[in-house]
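Undergrad: In the order they appear, the protein sequences are chains C and S.
Here my numbering is used: the first residue of the first sequence is 1, the next is one more, and so on.
Here my numbering is used: the first residue of the second sequence is 1001, the next is one more, and so on.
These are calculated hints, taken from the structure and not from any lab test.
Note that the Cβ used here is the ideal one computed from N, Cα and C, for glycine as well.
There's no promise every hint is true.
Stated by the list, open to error - Simulated crosslink set (BS3-like; lysine-lysine; CA at most 25 angstroms straight-line):
(1) C:151 / S:1115
(2) C:26 / C:4
(3) C:110 / C:26
(4) C:152 / C:95
(5) S:1136 / C:4
(6) C:133 / C:26
Said to hold, decoys possible - Computed beta-carbon distance windows for the label pairs:
(7) S:1046 / C:182: 23 to 31 angstroms
(8) S:1048 / C:8: 22 to 30 angstroms
(9) C:157 / S:1016: 33 to 41 angstroms
(10) S:1102 / C:2: 41 to 49 angstroms
(11) S:1142 / C:182: 56 to 64 angstroms
(12) S:1099 / C:31: 51 to 59 angstroms
(13) S:1087 / C:25: 20 to 28 angstroms
(14) S:1094 / C:25: 33 to 41 angstroms
(15) S:1094 / C:200: 39 to 47 angstroms
(16) S:1016 / C:42: 29 to 37 angstroms
For reference, the chains in residue letters:
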Amino acid sequence: MQFKNILYIITFSSVLGLTFNHFNPKGISLIVQNKERVWTDSVQHINEDSIVADDSSAIGKYNINQKDSTKANPTESNKKTVKSENTEKIKNPIKDFEKPLAISLANAYKLFNQEILFVDARNREDYLRNHIKNSINIPFYQFEEYSSELKKIDKEKPFVIYCNGKDCDMSDMLADVLFTMGYRKIYLFVGGWEEWEASRYPSSLPYDHN
Amino acid sequence: MNSLLSNKFLLLIIRFILGFVFIYAGAEKILEPGLFANSISNYRLVPELLLNLIAVTLPWIELITGIFLVFGIAVKENAIIINILLVLFIVMIAISLFRGLNIECGCFGTAGGTKISVYKIIENILLFAVGGHLIKYDSTFLSFLSTKN
Chain C
1 MQFKNILYII
11 TFSSVLGLTF
21 NHFNPKGISL
31 IVQNKERVWT
41 DSVQHINEDS
51 IVADDSSAIG
61 KYNINQKDST
71 KANPTESNKK
81 TVKSENTEKI
91 KNPIKDFEKP
101 LAISLANAYK
111 LFNQEILFVD
121 ARNREDYLRN
131 HIKNSINIPF
141 YQFEEYSSEL
151 KKIDKEKPFV
161 IYCNGKDCDM
171 SDMLADVLFT
181 MGYRKIYLFV
191 GGWEEWEASR
201 YPSSLPYDHN
Chain S
1001 MNSLLSNKFL
1011 LLIIRFILGF
1021 VFIYAGAEKI
1031 LEPGLFANSI
1041 SNYRLVPELL
1051 LNLIAVTLPW
1061 IELITGIFLV
1071 FGIAVKENAI
1081 IINILLVLFI
1091 VMIAISLFRG
1101 LNIECGCFGT
1111 AGGTKISVYK
1121 IIENILLFAV
1131 GGHLIKYDST
1141 FLSFLSTKN
């Protein structure tokens, strides 16, 4: 029995681990990620992709839902920007984000109206009390239990994660976990349930009026 | 009594048990490193800088020591490593229970889904006892490589 063997075994195992991680597509970064949120104001490109293109040959390619296009109801100015970028946008599907992108209440609402999926990262109790209409619950601190809910998320489509509000970090953490798992189109609705409720936007249960 | 405890078959069996437990534990975490890093961060005990490093290396330490145990390579040394890990786990779970955290153990990667509890601590203590036994008596029966000299 030699104590230096202990050191060798630990070192050997660690090196194996680091090597494996390096080549593993699911591997995680050793450098600590910057915790600051990156904001974006441009959620418009989702709208553009779902608008029926002038270039009709492109329609079949993206399986554009006719229902969506009538619902999208683009304004005149929207249509103008869409038209010039349209051929390029329609040919390019939404690209993966570099990291989850934080968005404002207004943009979250915009996405809500495009029927983008919302994911509630709060615990089950809070979710059941009330939540953004049609959102699904993946409590961050019970992630393993709720991992089957992930089936409801399409990796190719963007979706929104929220929790209580700007001081809550569960949405950020859930976004980070999902991002490393390959969900690369995540929006973070930082304002969260607080802001949504304050504006009385659509919720699963009616708001108390007292 | 001593000969019963140091019976080579008994030692072989417990060596296998401990080895396979750790092979399984390590393998599950290797398959989902992001989730394991997540589990560790739930404990709020590991500094952020070390989090991912530990998430990447710890499962491999578990896996390799488990494999070595099964093959009877450096049994005492590996049992010591495992027992050190177990002490760390026990301490972390105990602290978290004391703080009232209702978090997932992360003991077996995603396969568990179990919360931390006193049962987990007891489990780990039992494994520790097994490890301790191997450290004391060694197990060179059916081994590929023995460091005994």
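Undergrad: It remains to establish, for every hint, whether it holds in the given structure.
TA: Verification of the hints:
no.	hint	verdict
1	C:151 / S:1115	holds (23 angstroms)
2	C:26 / C:4	violated (33 angstroms)
3	C:110 / C:26	violated (32 angstroms)
4	C:152 / C:95	holds (20 angstroms)
5	S:1136 / C:4	holds (18 angstroms)
6	C:133 / C:26	violated (32 angstroms)
7	S:1046 / C:182: 23 to 31 angstroms	holds (25 angstroms)
8	S:1048 / C:8: 22 to 30 angstroms	holds (29 angstroms)
9	C:157 / S:1016: 33 to 41 angstroms	violated (47 angstroms)
10	S:1102 / C:2: 41 to 49 angstroms	holds (43 angstroms)
11	S:1142 / C:182: 56 to 64 angstroms	violated (43 angstroms)
12	S:1099 / C:31: 51 to 59 angstroms	violated (29 angstroms)
13	S:1087 / C:25: 20 to 28 angstroms	violated (34 angstroms)
14	S:1094 / C:25: 33 to 41 angstroms	holds (36 angstroms)
15	S:1094 / C:200: 39 to 47 angstroms	holds (46 angstroms)
16	S:1016 / C:42: 29 to 37 angstroms	violated (58 angstroms)
Going down the numbered hints, you'll see the structure goes against 2, 3, 6, 9, 11, 12, 13, 16, while the others check out.
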